[in-house]
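Enquirer: Put together the whole structure using the sequences plus the hints.
The listed protein sequences correspond, in order, to chains A and B. The opening position of the first sequence corresponds to residue 258 in this note's numbering, with each subsequent residue numbered one higher. The opening position of the second sequence corresponds to residue 258 in this note's numbering, with each subsequent residue numbered one higher.
No lab work stands behind these hints: they were computed from the structure. Please read all numbers here as calculations on a predicted model, not as lab measurements. Mixed in with the good hints, there may be bad ones.
Note that the list lumps identical chains together, so a pair holds whenever it fits in one copy or between two copies.
Said to hold, decoys possible - The calculated DSSO-like cross-link candidates involving lysine-lysine, where the alpha carbons are at most 27 Å apart (straight line), are: (1) K363 / K292; (2) K363 / K293; (3) K293 / K355; (4) K293 / K323; (5) K325 / K292; (6) K380 / K292; (7) K293 / K380; (8) K380 / K325.
Number of protein chains: 2
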Amino acid sequence: MNKINEYPSKAKCTHEQNGYPCFVPAQRVLNLIGKKWSIQIINVLGNGNQVRYNDLREQLRRGWKKNKISDATLSARLAELSEEGVLIRDIHPEIPPKVEYSLSEKGEELAEALQPLIDWTIKTCHE
Amino acid sequence: MNKINEYPSKAKCTHEQNGYPCFVPAQRVLNLIGKKWSIQIINVLGNGNQVRYNDLREQLRRGWKKNKISDATLSARLAELSEEGVLIRDIHPEIPPKVEYSLSEKGEELAEALQPLIDWTIKTCHE
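Expert: Given below as C-alpha cells:
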C-alpha cells in the first residue's frame, strides 16, 4: 500500500491536514460496504442490472436455509446505499408503482474498485 | 463486478450453497477494515514497516488536533487485526520489552487488494 501522502498532486485531498492522509472517504465507504449484505446487493445490481425489490430479495435469499436477509435489513441497506449515491431507485409511474434498483455510475465504479478485494478474500478462503 | 457464481472453479468456495456466492470472507474482512482507524493502521504498517506502539500512535495522531485515536481504540484495532492474521506483533525479549507491529504476508496482500478502493475513494473525494 502506498503512503497516501506520497500521492500525486492530482489525488491530493482537501481534507489533508499537516500532511495527514485523507482516509475519511475511504473510511465512510468501507464502513458502508462492511455492513451485512451490502456487497451482495452491489453484486446482484452490478453489470447494469435493474432489479425489482422482490427479485432482489429473492436473489439474496437464494441458497440460504436460515439467516435469510430480512425486509428491514434490505430496506436499511438500500436506503444507505442510495443516500451514498451508489444505488439508483427508479420509480415507474404505474399502478401499482414499479420500483427498480440499479447501480449508479458511482456504484459501478465502486463495484469495480472493490473487485480485487473480493477476489483476494475468495482466494484466501481456499488456502 | 462479476457475478461470483460465474467465478472459475479455482475460486469456487466451499461455503457455496445451492450456487449462492460465498461473500462470507469478504464480509468479515470488510467489516474489520471498515472500523475506524483500521485502514490508517494498515497504511502506516504497509511496505514492510516495523513500528513500535508509541510511534504508530504518534503517526496516526499526526495532523489531528481533535478526534485523535485513543489508546483503547488503537489496542482494540491491533488485537482485531492480529486475530485476523493481518498483523504481526513481534516481542523482543529486552527489558523493558520492545514490541513492534508489522503487516503479515496476508496483511500486505490485503493492503494491495484494498489499494484500488482507496484510490477510487480519494479520486471521487475531489470530484
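Enquirer: Measure nothing new, just compare the shortest in-copy and cross-copy C-alpha distances for K380 and K325 to 27 Å and report within, between, both or neither.
Expert: within (25 Å within a copy, 35 Å between copies)
Enquirer: Within a copy, between copies, both or neither: where do K293 and K355 come within 27 Å Cα-Cα?
Expert: within (26 Å within a copy, 38 Å between copies)
Enquirer: Checking an output row: K325 and K292, CA cutoff 27 Å. Within, between, both or neither?
Expert: both (15 Å within a copy, 24 Å between copies)
Enquirer: For the identical chains here, do K363 and K292 meet the 27 Å Cα criterion within one copy, between copies, both, or neither?
Expert: Result: close both inside a copy and across copies, 18 Å intra and 22 Å inter.
Enquirer: Is the C-alpha distance from K363 to K293 at most 27 Å within one copy, between copies, in both cases, or in neither?
Expert: Cα proximity of K363 and K293: in one copy and across copies (20 Å, 23 Å).
Enquirer: I want to check one pair: K380 and K292. Are their C-alpha atoms no more than 27 Å apart within a copy, between two copies, both, or neither?
Expert: Cα proximity of K380 and K292: in one copy and across copies (21 Å, 23 Å).
Enquirer: Given a CA cutoff of 27 Å, do K293 and K323 count as a within-copy pair, a between-copy pair, both, or neither?
Expert: Cα proximity of K293 and K323: one copy only (15 Å, versus 30 Å across).
Enquirer: Treating 27 Å as the Cα threshold, decide for K293 and K380: within, between, both or neither.
Expert: Result: close both inside a copy and across copies, 20 Å intra and 26 Å inter.
Against the hints set out earlier in the document, no violation occurs for any number.
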